[in-house]
Amino acid sequence: MTNFQNKFDKVVWEIVSSISSGRVMSYGEVARAAGRPRYARMVSKAMSRSVEQLPWYRVVRSNRTLAFEVGSEPYKKQQGLLEKEGVRFVSGKVIPLDSDKAKDLDELLWGPPD
DNA sequence: CCCTTGACTATCT
DNA sequence: GAGATAGCCAAGG
Numbered sequence: 254m255t256n257f258q259n260k261f262d263k264v265v266w267e268i269v270s271s272i273s274s275g276r277v278m279s280y281g282e283v284a285r286a287a288g289r290p291r292y293a294r295m296v297s298k299a300m301s302r303s304v305e306q307l308p309w310y311r312v313v314r315s316n317r318t319l320a321f322e323v324g325s326e327p328y329k330k331q332q333g334l335l336e337k338e339g340v341r342f343v344s345g346k347v348i349p350l351d352s353d354k355a356k357d358l359d360e361l362l363w364g365p366p367d
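Residue numbering for the first sequence follows our numbering, beginning at 254 and increasing consecutively.
It should be emphasised that the hints constitute simulated quantities derived from the structure, not laboratory data.
It is possible that part of the hints are untrue.
[Said to hold, decoys possible] Within a straight-line C-alpha distance of at most 25 Å, the following computed PhoX-like cross-link-like pairs (lysine-lysine) qualify: (1) Lys298 x Lys329; (2) Lys330 x Lys298; (3) Lys298 x Lys260.
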């Protein structure tokens, strides 16, 4: 049995559950953390299989955009949940809380982006 | 079996 | 930076 059905799913859920509020991980990062470097796509499948109680919305693409079609219901839902945790969106890309170090100075000098 | 489908990525234009 | 391309890999038809 290609122990995927249970082991992989379980590990993925644990990893995703461990992502703290206001932070995000990419599908690829979760896959690597689970010890399966090329399983980015399987991560999404594993999550959709567990919708209950999983902060799935903290998982985004490697380029920091959301994985759903822009403007779709799932997209807006995910964006809303993330913004509620303080995550900002700039040009469709998420800006995690911890990357706001030089932000204030940048905005002071250059003004708000987009 | 072969082919298509994704909540994906890295790389090249 | 946006679009195209080629890998990727389990699932389902």
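Right, here's what the structure says about each hint:
| no. | hint | in the structure |
| --- | --- | --- |
| 1 | Lys298 x Lys329 | holds (20 Å) |
| 2 | Lys330 x Lys298 | holds (18 Å) |
| 3 | Lys298 x Lys260 | holds (14 Å) |
Checked against the numbered hints given earlier, the structure satisfies every one of them.
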